[in-house]
Amino acid sequence: MKTIDIRTVNVVQYIKPLREGGSLPAIVKADDGFLYVLKFRGAGQGKKPLVSELIGGELARALGLKIPELVFMNLDDSFSKTEPDEEIQDLLKFSVGLNLGLHFLSSAITFDPLVTTVDAKTASKVVLLDSLISNIDRTVKNTNLLTWNTELWIIDNGASFYFHHNWATWENHLTRTFPLIKDHVLLAQATELKEVAKDFLEILTKEKIAEIIQAIPEDWLEHESDDLSPDEMRTAYITYLEAKLAMIDSLVKEAEHAR
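Residue 259, in the UniProt record's numbering, is where the sequence shown stops; the numbers in between run on with no holes.
Calculated directly from the structure, the hints in this document are not laboratory data.
Beta carbons are placed, not taken as given, at the ideal position from N, Cα and C, and that holds for glycine.
Hints are supplied without guarantee of correctness; some may be wrong.
Restricting the straight-line Cα-Cα distance to at most 25 Å, the calculated cross-link-like pairs of lysine-lysine (DSS-like) are [unchecked claim]: (1) 48 to 206; (2) 48 to 208; (3) 29 to 121; (4) 66 to 182.
What follows is a set of in silico ranges between Cβ atoms, one per label pair, in the way DEER data are often shown [claimed, not checked]: (5) 171 to 219: 32 to 40 Å; (6) 149 to 227: 17 to 25 Å; (7) 87 to 175: 38 to 46 Å.
Using the sequences plus the hints, can you model the full thing?
Here's what the structure looks like:
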């Protein structure tokens, strides 16, 4: 089956941790010469935030939103052996294997809604996407948005798809809307929700969704405590997204009411 094309690189240098992130991501250098923000599979919530990052990020890209290139990053066991900080040492040790990286946007600044105005169409796309993927972490307190070259860039979709933290009840989420959209940092500027909903239905076809889901590495979907097999999880993600797209009018009404 066709998948989206995501490059794989190797980490060659650990540069510094980003301590403002709860999962302690880091700036690293890869063997292609570029810098990346590395999200670790060994962080607190394990590999599931990486899955959310990948799906949410590539859905955003398909919709024409700005998001740094996502790459798979191989991390070997040599870094943990030379790291003096015990917390980081453990993180590196538990993250040997395939991780996720976002291209580092040098000189980008955190989006400040009091300083920067976002156009209505872009704001509406971000709001509706976050409603679609149940992203609980794009608020005034933590925007997870950057301004780079005067453009809005999306980062950090790891808090999305929270149903996958309990596979036993995932189907209960298929008919739910997303009331937490009321806290979205761009909600006030999202005045074209109905218009962008039409774009979502045109762009996010079954084929496009399947391409993105198929790109998830197999071992990111394997955990002894999970009830479903990797193939069943893939089917669940696809089913979830298709269910949300089928009720997109309800998501739009909910967001408009909140605004």
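Which numbered hints fail: 3, 5 and 6
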